[in-house]
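A.B. asks: Now for the letters of each chain:
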Amino acid sequence: MDVLYFAWVRERIGVPRERVETGAQTVAQLVEELRAREPRYEAAFADLTALRVALDQDLADFDASLSGVREVAFFPPMTGG
Amino acid sequence: MDVLYFAWVRERIGVPRERVETGAQTVAQLVEELRAREPRYEAAFADLTALRVALDQDLADFDASLSGVREVAFFPPMTGG
Amino acid sequence: MRVVVQKEPFDLGAEANAFAAADTGMGAIVTFTGVVRDLAQGDLDVMEIEHYPGMTEKALTRIATEAQERWSLGDVLVIHRYGRLAPGDRIMMVATAAPHRKDAFEAAEYLMDYLKSRAPFWKKEITGTGAGWVAAKDEDEDALTRW
Amino acid sequence: MRVVVQKEPFDLGAEANAFAAADTGMGAIVTFTGVVRDLAQGDLDVMEIEHYPGMTEKALTRIATEAQERWSLGDVLVIHRYGRLAPGDRIMMVATAAPHRKDAFEAAEYLMDYLKSRAPFWKKEITGTGAGWVAAKDEDEDALTRW
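So the sequences go chain by chain: H, P, V and R.
1 is the number of the first residue of the first sequence in the working numbering; add one for each residue after it.
1001 is the number of the first residue of the second sequence in the working numbering; add one for each residue after it.
2001 is the number of the first residue of the third sequence in the working numbering; add one for each residue after it.
3001 is the number of the first residue of the fourth sequence in the working numbering; add one for each residue after it.
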């Protein structure tokens, strides 16, 4: 699936998006897989309360299922307006 | 003093303003004097709850004193905006 | 603060742009524009607005001053027309500038609520079948209780 | 409904006039405009706004649709810029048209509250001494509880 990063999450991970092959069933499992990869992921995902996630461009929870999902995005709380 | 009328009060009385010589101490006394004059005043002042009064261009109550007042205006509740 | 009472039409866009440009330190700008609606079921020909010259400017200035005392605001603009208007014509506008959106919104609503019931304007609707003064609405008077 | 996400500046006045002209049956038109303030004590050079293309339009359209379902509204307009902005630049605007002023005001405030915390925009302030992401405010999240 495609994993996208925005704002400081993008800056910490160093890429705006990447293709990830995963067997993770939930967002939380995907986060655990990513954190185990490299320190930059560990740094980005250190505090989940400071993060938001969208599945196929809809806001979701970290315990949401990834079944059928094609695009996952991680970002800090939004600051539009 | 100058007495001004607006909206349907003006239409019922038939003039937009007039000079009134009066010894009335309060707005209520002035209203009584005017009502006693002619039926058109009686018609305009029949229901005081449907009227508002301004003294020298500030909203006031019917029991307000006329002492020092130069301009009295009677009109229905306002409908601006 | 700018308070304008005029017979002539005003240009909402030009006023909004000028207002926003004059107050660059503000993060939030709110405008409200009132438009003549055809309330008389498609029959309204003319909306005639009478006002009390002198008191009108005084009342609007007081309302705008009170808003500026009550909220953290930048500039405030009030424009209100009088005379003969047609359905679709813009009757009036207010604009507020503030550091924060909440202040700009609340102050604009306050201006509108007070302007509706405390500024000396009266509307008369002239339709194909006659003419009548618009009655004040209880809900407009009630709106003042929230401030 | 019109939802626009663009890099280019927009003309508040032209947008307000076009919006008002398109919806003549409405008595009330409210606009809100957000302006880049120099929050970093006179030191802000650039405000950089990042967004999530695709999701942004989807989120804004949903928020506007919810407003139209919730209030008696005419048209709704949302414009939001991204990219590099300078202090004084206009970031975004919303406009609402309604038969009554209460609906137009409330819907505009609802749009702003949701847009602030639920549309995928992120602001970065670039000052003379560095750069930092603007933190979301608790009060913006709390603002949603009133709806």
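Simulated from the structure, these hints should not be mistaken for laboratory data.
Keep in mind it's a predicted model, so treat the numbers as computed, not measured.
Here a beta-carbon is modelled for each residue, glycine too, at the ideal position from N, C-alpha and C.
Any given hint could turn out to be false.
Sample of chain R residues with no beta-carbon within 10 Å of chain V, all distances over it, derived [to be verified]:
(1) 3011
(2) 3033
(3) 3066
Computed cross-link-like contacts, BS3-like style, restricted to lysine-lysine with a CA-CA straight-line distance of at most 27 Å [as the list claims (entries may be wrong)]:
(4) R/3124 - V/2058
(5) V/2137 - R/3124
(6) V/2137 - R/3102
(7) V/2007 - V/2124
(8) R/3124 - V/2124
(9) R/3058 - V/2058
(10) V/2102 - R/3124
A.B. asks: Compare the structure with each hint and give your call.
C.D. replies: Here's how the hints hold up against the structure:
1. 3011: 7 Å, violated
2. 3033: 4 Å, violated
3. 3066: Correct as stated: the minimum Cβ-Cβ distance to chain V is 18 Å, above 10 Å.
4. R/3124 - V/2058: Not satisfied, since the Cα-Cα distance of roughly 45 Å exceeds 27 Å.
5. V/2137 - R/3124: Violated. Residue 2137 of chain V to residue 3124 of chain R sits at ~48 Å, over the 27 Å cutoff.
6. V/2137 - R/3102: 14 Å, holds
7. V/2007 - V/2124: Given that 27 Å is the threshold and the Cα spacing comes to 15 Å, the pair holds.
8. R/3124 - V/2124: 53 Å, violated
9. R/3058 - V/2058: 47 Å, violated
10. V/2102 - R/3124: 22 Å, holds
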